[in-house]
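Protein chains: 2
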Amino acid sequence: MEEKELLQPQATQCAPQQQPKLMDRIRSFPKDFADTGQLMISAKRWLTVSTEPVPDCDIVVMFPRDADKEFVAWCRHSLLNHVPDLTLRQVELQYSRCVALYVTASFRSLLKAADTVGLRKRLRSSYGGGYQEFTLEELDLFANGQSASDFFSSQERQGLVRHLLLSWRLEAANCWPGLSLTEQQPALPQLQVRGLVQAVFPLHCQRDLSRLQASWVGRLFRPQPLNAVQEYFGVKVALYFAWLGFYTMALLAPALVGAVAHFLSSSDAACGLLVCFNILWATVYLEMWKRHSSVLTYDWGTLDSGNTDLLDECRPLFKGQPSISRITGRVTLAYPAWKRLAIRYLISLPVIAACLAAVVCLMLLQFAFQDWITEMVTEKALPSVVDFAPKVTNALVISMCDYFYKGIAKWLNDLENIRVEESYRSHLIIKLVLFQSVNSFLSLFYVAFYRQDMSMLKQQLAALLLTRQIIDNIKEVGIPFVMSRIRNYKMSLDYERQKKRDSAEPDTAPDTEGSPGITQTEVEASLEAYDDPYEDYLEMFIQYGYMCMFSCALPLAGVFCLINNVMEIRSDAFKLCTGFRRPFGTKVSDIGVWQMALEGISCVAVTVNVALLGVSGAVSRWFPSLSPAQVVLLLVLFEHIVLVLKYIIAKAIPDVPHWIEEEIAITEHKKRAALKLQNRAHLRAKRESGSCSEG
Amino acid sequence: MEEKELLQPQATQCAPQQQPKLMDRIRSFPKDFADTGQLMISAKRWLTVSTEPVPDCDIVVMFPRDADKEFVAWCRHSLLNHVPDLTLRQVELQYSRCVALYVTASFRSLLKAADTVGLRKRLRSSYGGGYQEFTLEELDLFANGQSASDFFSSQERQGLVRHLLLSWRLEAANCWPGLSLTEQQPALPQLQVRGLVQAVFPLHCQRDLSRLQASWVGRLFRPQPLNAVQEYFGVKVALYFAWLGFYTMALLAPALVGAVAHFLSSSDAACGLLVCFNILWATVYLEMWKRHSSVLTYDWGTLDSGNTDLLDECRPLFKGQPSISRITGRVTLAYPAWKRLAIRYLISLPVIAACLAAVVCLMLLQFAFQDWITEMVTEKALPSVVDFAPKVTNALVISMCDYFYKGIAKWLNDLENIRVEESYRSHLIIKLVLFQSVNSFLSLFYVAFYRQDMSMLKQQLAALLLTRQIIDNIKEVGIPFVMSRIRNYKMSLDYERQKKRDSAEPDTAPDTEGSPGITQTEVEASLEAYDDPYEDYLEMFIQYGYMCMFSCALPLAGVFCLINNVMEIRSDAFKLCTGFRRPFGTKVSDIGVWQMALEGISCVAVTVNVALLGVSGAVSRWFPSLSPAQVVLLLVLFEHIVLVLKYIIAKAIPDVPHWIEEEIAITEHKKRAALKLQNRAHLRAKRESGSCSEG
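Taken in order, these protein sequences are the chains called X and W. For the first sequence, the residue numbers in the UniProt record's numbering are 1 to 695. For the second sequence, the residue numbers in the UniProt record's numbering are 1 to 695.
Hints are computed from structural coordinates only; laboratory data are not their basis. This structure is a prediction, so every number in the text was calculated from the model and none was measured. A few of these clues could be false.
Copies of one chain are not kept apart here, so a pair can be met inside one copy or by any two copies together.
[As the list claims (entries may be wrong)] Quick list of in silico lysine-lysine cross-link-like pairs, DSSO-like style, CA-CA up to 30 Å: (1) 339 <-> 651; (2) 500 <-> 670; (3) 112 <-> 670; (4) 69 <-> 670; (5) 587 <-> 670; (6) 651 <-> 410; (7) 651 <-> 406; (8) 587 <-> 651; (9) 587 <-> 319; (10) 380 <-> 458; (11) 319 <-> 410; (12) 339 <-> 670; (13) 380 <-> 319; (14) 290 <-> 500; (15) 670 <-> 319; (16) 651 <-> 290; (17) 458 <-> 319; (18) 500 <-> 112; (19) 651 <-> 319; (20) 339 <-> 290; (21) 391 <-> 458; (22) 500 <-> 69; (23) 475 <-> 587; (24) 290 <-> 69.
Chain X with its partners taken away, still in its complex shape (with noise of 0.2 Å):
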């Protein structure tokens, strides 16, 4: 009877009783659509419309326009020979002409899935309630887990689903003619990058984007609705904004002592001020957000998720020579420990260290042509005009390096041939953040420490923040917004020549199951992938930069970041709403390698401001007595104190709030206990069975 239960169908991805008004409008769609003849209302009714939902499919897997009927039919036989829990729905898309497998599983496989992978559910308030990995026999300990519907929230359901695609593998023997796909490696990601398959991903639950949006995106000094959006988008998509949010919030004050330093006389009291208090902030701040970022992680079940990395599962395209894995006993990919450590030291290293330098030379270069073409100006020697070239010369070099720095930082990372997805990110991330930071700070310290110009720095530091901003904002949510509003239009203009050209010809008119218009699946297909926010991070770790390093020298930097930020969450919210397709949720129990990342700059931070100090020769006025070796000295002595302070205080404050260590002991102490007593009525049943066996 408990079977039963489970082997009810399971719910389509948005509650049913959506679904008959969808159903409807997708029926009255193409009618009225026809009616109307003026383009422009209906690609506003693109927009308001937001297009038919897909019923009954947690994953697209898409191919590409040219694809070979057979070699779909093929992959589909195949895939449902090897992962027989997986529900397939061809569907031929109306407008972009493309076959779509619609995959999802029954709940009863979603469960299995679910125990297999050992996804950390919530237990019953009565069991401790905290969270567990997912047994099926325990089903009853979790959290409404008689209900198929509620159990699984809709990111768990495209993550299970997602595991099963994977464990698609294919041998050579029974393969595709032509295809060589390396065995153990999961099949789907391999005709990805083989360009077979055009795309695999998870489809936005219309209604709940719809509701999340509403209360998160539009809101510009509402709290985030943080515990929605982890549903939505996943612990690490949850965990980058909160860290956003709590940085901006961290940011009132800097803002505040800013605008006061601002108005103080004496600009050597104020960069005192503001050194000491910059350094305070920078430490107070990086160790309260890891408290913060512990509840959330602990509200959401990642903190205590004890795994260590040889448990998680290989990345997709994880390369390696198949064996028998000694630590589960099943056959994986092993690749040897020192292979990679030899790549990463002899080949990364050298690689990224000459980049660095390179950029490091030409913008030496850059600044020596800056320098000689003011000269020039100031000699008349050139028109005024000319100023501007060098500065449009140095944006195009920054963005050419940037570019091409991505490019071989990916391509080092993939020859690292990281096993673990989680790791494989940080170690992109680091080399970004390497190179992004001289790219981004080096023209700061040359004015700073070279030139010893306070003013110019303040100047270049205003530049730098505000254009930045402007720029990225544009980025970020201006061109992707033109561009969806184009690409919609486009749409439906070409979707009514086809269906003219179909209601011409209507003998021709394709009448696949696949539901008519344009459909939420293509629009999202049309949509870039989201796959990490690590560019968001980066972008808000040089504002950190700048912020911490070299805010001394422009007091008001805390108030242009703080107004900036304000705007960022919403725009970086919209943005991920409406201008990608939905990414798979991840799980982490922290922001992993940007900590380190924050600490690693706010200690270098400590030494910038002290010798900004010493640049701005404050300490040489304030004791006129003393020798410039003396000054030198003074200002190291303070750095030491402040650093060792620095750490004293990243001690003293515990990572982890008291509460939380209390709960986490708890729930140990019950998995104890529950063990044994699980124990002793073990042995009990056996006892008892034997006994009624042999009477």
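Chain X is already provided as a structure; the job is to place chain W on it using the hints.
Quick look at chain W alone, frame taken from chain X:
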């Protein structure tokens, strides 16, 4: 039948086959003792025959000589009432005229205790071989779980018996009249504090000890039998000796380089070489130690014992309000964290700061005095003999400070009322380390950076190293050894007299069940307790400080330390085996706070070394063109680069070797699999029993 096996009488502490011989000796003892009139011989015999071992005793509870017989009886009674698992045997000790309770427990109750404590035991290789918390039901999963005699090591037995002893609580209702004990707090430690119980200590196992000694103490250049040490003294002590051994090995490098530098022509080159080498060595050594330690603790099953403090038992003397623990649901003592923090930051911190400041002042005065005296002497105003006066006073002052400070530190630590034993110890150690560092390094800092006199630094360092080493060795080995000789001699003397007296009036000859002669108990009771190797750590910590901070001034320091430590290992071992009571084994996963302390000082060492390089004037000789300020800047730059490199090296060397991570992952995976299997089996058993009860 399984039960029967469990209930068989437990093995005596030493192997049975050993017993008869011992018993014979015991019987024969007084006789052949009486024959010889010569005391020296008998005195020798105390050492060679090593007294009569005590059978069936894990822990001795010793009452003071003047203990009220009824009180003892009451204790025994109430102890048995509260902890029926214990087996007590009351003995009147002939020589010391004290009453002692010999405490042990049946194998069955030991198993029960191991279950409640969650003692980590090694699983059978067929079950993965890793360590796991012992549970009574799974006895047969554990290595030699069927043999009552070999399952627990004598050290584990003692630990478990101690746990049972500590579970003895007293209600105010039926307490000894006039005795007020805090309920919920273990009774025994309180009685000890009140002096109603003289000592509670485990007995040495003569056979194991002598075997251990043979393979450990004598062999100057053999590797230490660390596993045997761990078996006998516990992980904590073994880890100290492992660390000491590893450190001594590591000293080979600086000894070699130092010797080379010593014979270099230019002192600048030597200094530069040593500075760079010391920094590198300190870092690499510490990282390699972490790896080595994790290998050891993995073998000893304490590495991945993921115990949160909150699940650990609280310290016997931990004060607090009895309340129901949110975690275990049992009644425990609760103490508000904020109170502890308040005390720590509002009392401990200022007091310690004051103490340190005081010591600094004292020493500065001391230096001034020294200068004045030497001046006087050089001016012939005072006889040259007086020149030693300051040194003597200095030594006196230092040792007095040391004595007082220890008291203060202990007092503050008790005031903080830390819950768990381990963190209590760490906090005490931190306090002591702070003071000792000031005490030991200040004079060198003074000479190096105030006097800036490298040759004087060299002399002072040499003096400090050698005197310290000689004094410490005398303190540690010489004195205890002589003392024990004297004590034994005195004992035998007294005993002679008693014997004579007793034989004079034979009717008063006491015939208690206690064995005649001087028992092992009495001899060991007369020794000091060895609760923690922190004294030994501290000594080595200071030496390490001299090594990595100042050895560039005295190239041969490495050689001195190496020679000293080769002997230190054995002398500490000798001290531990002969000079102290047997300690209760403590399980730790690493050297804990000492790792932190060593890393801290190795960071300071970077700065100190660079500063010494500056003081030595080598840089300005190498780059004569630089201005003083530039020299300082250059040095600072160098220091920062080194610190960053240090950090990178520390990151690049993983703390736990890959294969151990793999092993841990394997056990983890096996556990999960086992858990799932268990659930399945459990359910199946349920169903079967259900069905057969229906049928």
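Do the hints match the structure? See the list:
| no. | hint | result |
| --- | --- | --- |
| 1 | 339 <-> 651 | between (37 Å within a copy, 19 Å between copies) |
| 2 | 500 <-> 670 | neither (67 Å within a copy, 64 Å between copies) |
| 3 | 112 <-> 670 | both (25 Å within a copy, 19 Å between copies) |
| 4 | 69 <-> 670 | neither (55 Å within a copy, 45 Å between copies) |
| 5 | 587 <-> 670 | both (24 Å within a copy, 23 Å between copies) |
| 6 | 651 <-> 410 | between (36 Å within a copy, 23 Å between copies) |
| 7 | 651 <-> 406 | between (36 Å within a copy, 25 Å between copies) |
| 8 | 587 <-> 651 | both (27 Å within a copy, 25 Å between copies) |
| 9 | 587 <-> 319 | within (23 Å within a copy, 42 Å between copies) |
| 10 | 380 <-> 458 | within (27 Å within a copy, 65 Å between copies) |
| 11 | 319 <-> 410 | within (16 Å within a copy, 58 Å between copies) |
| 12 | 339 <-> 670 | between (43 Å within a copy, 28 Å between copies) |
| 13 | 380 <-> 319 | neither (62 Å within a copy, 84 Å between copies) |
| 14 | 290 <-> 500 | neither (59 Å within a copy, 75 Å between copies) |
| 15 | 670 <-> 319 | between (41 Å within a copy, 26 Å between copies) |
| 16 | 651 <-> 290 | both (12 Å within a copy, 20 Å between copies) |
| 17 | 458 <-> 319 | neither (49 Å within a copy, 58 Å between copies) |
| 18 | 500 <-> 112 | neither (48 Å within a copy, 84 Å between copies) |
| 19 | 651 <-> 319 | between (41 Å within a copy, 26 Å between copies) |
| 20 | 339 <-> 290 | between (34 Å within a copy, 24 Å between copies) |
| 21 | 391 <-> 458 | within (17 Å within a copy, 58 Å between copies) |
| 22 | 500 <-> 69 | within (26 Å within a copy, 112 Å between copies) |
| 23 | 475 <-> 587 | within (28 Å within a copy, 58 Å between copies) |
| 24 | 290 <-> 69 | neither (52 Å within a copy, 59 Å between copies) |
Taken one by one, the earlier hints fail for this structure at numbers 2, 4, 13, 14, 17, 18, 24, listed in ascending order.
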